[in-house]
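Engineer: Given next are the chains, with one letter for each unit.
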Amino acid sequence: MKYGILIVSHSKDIAIGVKKLIEQAAPKLSITTAGGTDDGEIGSSLEKIQTAVEKNSGDEILAFYDLGSSKMNLEMMIEMTDKKIHKYDVALVEGAYAAATLAEIESPLETIEKTLEPLKIK
Amino acid sequence: MKYGILIVSHSKDIAIGVKKLIEQAAPKLSITTAGGTDDGEIGSSLEKIQTAVEKNSGDEILAFYDLGSSKMNLEMMIEMTDKKIHKYDVALVEGAYAAATLAEIESPLETIEKTLEPLKIK
Amino acid sequence: MELSLADTKKWIELFVQKVESEKSQLNELDTAIGDGDHGTNMDRGMKAITDAFSKKEPEDIVSLHKTVAFALIQKVGGASGPLYGTAFLDMSKKAKDDADLTTLIQTGLAGLKRRGQSDVGMKTMIDVWEPVANALKADEFNQSVIDEALTSNKALVATKGRASYLEEKSKGHLDPGAQSSAYLFEALLTVLGA
Amino acid sequence: MELSLADTKKWIELFVQKVESEKSQLNELDTAIGDGDHGTNMDRGMKAITDAFSKKEPEDIVSLHKTVAFALIQKVGGASGPLYGTAFLDMSKKAKDDADLTTLIQTGLAGLKRRGQSDVGMKTMIDVWEPVANALKADEFNQSVIDEALTSNKALVATKGRASYLEEKSKGHLDPGAQSSAYLFEALLTVLGA
Ligand SMILES: Nc1ncnc2c1ncn2[C@@H]1O[C@H](COP(=O)(O)OP(=O)(O)O)[C@@H](O)[C@H]1O
Ligand SMILES: Nc1ncnc2c1ncn2[C@@H]1O[C@H](COP(=O)(O)OP(=O)(O)O)[C@@H](O)[C@H]1O
Ligand SMILES: [Mg+2]
Ligand SMILES: [Mg+2]
Ligand SMILES: [Mg+2]
Ligand SMILES: [Mg+2]
Numbered sequence: 001m002k003y004g005i006l007i008v009s010h011s012k013d014i015a016i017g018v019k020k021l022i023e024q025a026a027p028k029l030s031i032t033t034a035g036g037t038d039d040g041e042i043g044s045s046l047e048k049i050q051t052a053v054e055k056n057s058g059d060e061i062l063a064f065y066d067l068g069s070s071k072m073n074l075e076m077m078i079e080m081t082d083k084k085i086h087k088y089d090v091a092l093v094e095g096a097y098a099a100a101t102l103a104e105i106e107s108p109l110e111t112i113e114k115t116l117e118p119l120k121i122k
Numbered sequence: 001m002k003y004g005i006l007i008v009s010h011s012k013d014i015a016i017g018v019k020k021l022i023e024q025a026a027p028k029l030s031i032t033t034a035g036g037t038d039d040g041e042i043g044s045s046l047e048k049i050q051t052a053v054e055k056n057s058g059d060e061i062l063a064f065y066d067l068g069s070s071k072m073n074l075e076m077m078i079e080m081t082d083k084k085i086h087k088y089d090v091a092l093v094e095g096a097y098a099a100a101t102l103a104e105i106e107s108p109l110e111t112i113e114k115t116l117e118p119l120k121i122k
Numbered sequence: 001m002e003l004s005l006a007d008t009k010k011w012i013e014l015f016v017q018k019v020e021s022e023k024s025q026l027n028e029l030d031t032a033i034g035d036g037d038h039g040t041n042m043d044r045g046m047k048a049i050t051d052a053f054s055k056k057e058p059e060d061i062v063s064l065h066k067t068v069a070f071a072l073i074q075k076v077g078g079a080s081g082p083l084y085g086t087a088f089l090d091m092s093k094k095a096k097d098d099a100d101l102t103t104l105i106q107t108g109l110a111g112l113k114r115r116g117q118s119d120v121g122m123k124t125m126i127d128v129w130e131p132v133a134n135a136l137k138a139d140e141f142n143q144s145v146i147d148e149a150l151t152s153n154k155a156l157v158a159t160k161g162r163a164s165y166l167e168e169k170s171k172g173h174l175d176p177g178a179q180s181s182a183y184l185f186e187a188l189l190t191v192l193g194a
Numbered sequence: 001m002e003l004s005l006a007d008t009k010k011w012i013e014l015f016v017q018k019v020e021s022e023k024s025q026l027n028e029l030d031t032a033i034g035d036g037d038h039g040t041n042m043d044r045g046m047k048a049i050t051d052a053f054s055k056k057e058p059e060d061i062v063s064l065h066k067t068v069a070f071a072l073i074q075k076v077g078g079a080s081g082p083l084y085g086t087a088f089l090d091m092s093k094k095a096k097d098d099a100d101l102t103t104l105i106q107t108g109l110a111g112l113k114r115r116g117q118s119d120v121g122m123k124t125m126i127d128v129w130e131p132v133a134n135a136l137k138a139d140e141f142n143q144s145v146i147d148e149a150l151t152s153n154k155a156l157v158a159t160k161g162r163a164s165y166l167e168e169k170s171k172g173h174l175d176p177g178a179q180s181s182a183y184l185f186e187a188l189l190t191v192l193g194a
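Residue numbers (UniProt numbering), protein chains in the order written: chain A, 1 to 122; chain B, 1 to 122; chain C, 1 to 194; chain D, 1 to 194.
Treat the hints loosely; a few may be bogus.
Keeping only pairs whose Cα atoms sit at most 20 Å apart, straight-line, the calculated EDC-like set for lysine to aspartate or glutamate is [to be verified]:
1) LYS47/D <-> ASP38/A
2) LYS122/A <-> ASP7/D
3) LYS122/A <-> GLU113/B
4) LYS47/D <-> GLU106/A
5) LYS114/A <-> GLU167/C
6) LYS66/C <-> GLU79/B
7) LYS113/D <-> GLU79/A
8) LYS20/B <-> ASP38/A
9) LYS171/C <-> GLU106/A
10) LYS122/A <-> GLU22/D
If you're looking for bench data, these hints aren't it; they were derived computationally from the structure.
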């Protein structure tokens with residue numbers, strides 16, 4: 001599919017939970033996650049983000065994050081990869097759900113971004 | 001303490017993850033969660049919300065939710081209980097984190113709500 | 001007009017049967033514009049109603065509506081749980097003073113609107129409840145009221161519930177909650193012998 | 001002025017020692033206005049630096065800075081990871097053309113600002129890096145530069161990072177990242193023999 005979803009969270013539970021929540025509404029979508037540090041603690045891991053980007057089968061990636069270091073590591077990743085990653089400064093759970101619902105039915109990026117606009121909080 | 005935090009999510013993983021994330025910044029706070037349906041599926045459970053409200057040791061509760069039925073069940077709970085519950089229509093993860101940080105240092109409700117204002121997305 | 005206790009129970013039992021047999025149909029409708037679980041959710045609620053009836057035979061209309069409400073509130077797990085649950089709970093409370101069928105359905109409708117913070121035209125179950133409530137009042141309730149309600153629901157763009165995320169793309173799909181509400185009122189028609 | 005490879009390594013090793021011995025102090029500072037893990041995070045990064053140095057002795061300043069950067073980026077796990085990591089990565093790239101100490105610290109500072117989308121005065125580690133960079137340029141770098149930087153950082157209200165959630169209440173607390181950066185530059189002072 002054109003778009004895949006990437007969830008970057010400080011918590012592996014949040015990341016997995018968001019995936020489960022949104023894949024119910026978007027079963028065809030590629031949704032990959034990077035939650036917590038390498039050793040499963042609260043925090044973030046560039047390596048996990050890298051793996052999640054590699055595993056994502058979307059042509060382009062719509063990326064969502066929670067706080068500080070998730071964002072910074074995601075931005076480092078964006079600088080390092082050739083893959084097109086769109087990062088959204090929106091509410092993590094609510095934004096990822098809205099985007100996934102629209103990406104599932106192959107909505108154009110313009111429509112997805114218009115829907116995300118009011119969810120911008122960062 | 002004066003305020004406790006209640007997390008209501010469609011996913012038990014999200015609920016637990018948010019608790020772990022925010023208790024790192026707010027270790028003294030009472031944070032209780034209601035995630036998923038009674039049988040652990042994606043959805044929501046009034047019974048779980050009820051238990052989470054009962055277990056919460058805050059004098060008043062600051063409540064955060066993700067989508068549709070989490071909100072409606074939370075509102076049913078608010079109609080049913082004597083406990084003072086403040087429900088916020090804000091980004092779940094980001095709102096709960098901000099509120100917890102402030103509640104931890106015994107900030108007044110006014111300050112907490114001023115901080116939550118820009119996170120309103122529902 | 002008041003429905004007898006026996007007829008009210010028959011109404012709910014017919015609804016339970018219909019939802020159980022159309023479970024996958026409801027899931028399919030929800031897959032198109034939601035998360036695919038409306039049939040599964042409602043089916044859980046139906047089983048809970050049957051359980052509750054077999055554990056304790058409702059003694060009057062008030063307790064019957066309350067039993068239905070609690071089963072749905074506790075077991076459905078999706079938005080339809082607190083919605084139908086609130087409708088039946090409010091109907092149960094109302095039935096203490098006034099058990100007129102039209103009054104009860106109108107009370108249920110008001111409960112839906114309150115719980116959902118929604119109204120007719122948002123592509124939800126309300127699009128079926130409201131025309132039915134109106135038709136009952138005008139003494140013109142029949143199958144075509146339900147059919148027309150579904151037809152117009154299908155054409156709407158959703159502005160409440162999960163389908164609202166799809167915006168324009170929700171057009172042309174029937175809302176799953178509207179369909180389950182149609183089953184509810186078709187069961188009522190059968191009981192009314194219409 | 002260029003720091004020799006040996007002095008650069010000594011600088012980093014002194015920093016590693018200091019952070020490791022002050023781990024709980026850094027955690028405590030972070031507990032007051034953050035999530036209490038800055039010491040634990042940095043300590044993980046320090047161990048990774050030591051590991052990397054022992055696995056492969058850095059051959060030049062460029063690779064030394066890069067080794068430090070990768071260790072921090074990969075292992076810290078908190079915001080300080082991508083921040084210090086970006087600073088050292090940018091310093092490594094810069095050192096290819098120009099290894100002047102002042103230039104490198106200024107380059108690191110610019111990296112911090114870019115990664116953090118932040119600036120001096122927001123109660124972060126930048127409040128230490130910027131005065132140090134300025135002092136190096138003016139050839140006036142000494143302990144009092146660091147001390148004064150920490151004093152003014154303490155008085156600030158945070159507008160970036162986790163402490164910013166505390167608003168006014170962050171005042172009067174020293175930022176943990178400012179403290180770890182103070183350790184970094186105290187180690188540098190020692191190497192400079194000042
Ligand atoms: N705010 C609302 N107001 C009225 N009806 C709603 C609202 N939200 C959802 N619904 C109804 O609930 C149905 C979905 O129920 P269900 O699939 O069981 O819940 P969920 O959406 O939580 O998975 C929708 O088809 C719609 O008819
Ligand atoms: N946007 C930012 N710009 C500059 N420095 C920042 C920023 N965010 C955080 N910091 C620095 O990082 C430090 C916190 O690091 P650490 O505790 O390891 O990460 P985390 O906040 O993810 O737990 C803060 O004390 C501050 O100095
Ligand atoms: Mg559903
Ligand atoms: Mg559902
Ligand atoms: Mg920290
Ligand atoms: Mg942290």
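Engineer: If a hint holds in the structure, say so; if it doesn't, say that too.
Structural biologist: Structure-based check of all given hints:
| no. | hint | verdict |
| --- | --- | --- |
| 1 | LYS47/D <-> ASP38/A | holds (15 Å) |
| 2 | LYS122/A <-> ASP7/D | violated (42 Å) |
| 3 | LYS122/A <-> GLU113/B | holds (17 Å) |
| 4 | LYS47/D <-> GLU106/A | violated (46 Å) |
| 5 | LYS114/A <-> GLU167/C | holds (11 Å) |
| 6 | LYS66/C <-> GLU79/B | holds (16 Å) |
| 7 | LYS113/D <-> GLU79/A | holds (16 Å) |
| 8 | LYS20/B <-> ASP38/A | holds (16 Å) |
| 9 | LYS171/C <-> GLU106/A | holds (15 Å) |
| 10 | LYS122/A <-> GLU22/D | violated (33 Å) |
Of the numbered hints stated above, those contradicted by the structure are hints 2, 4, 10, listed in ascending order.
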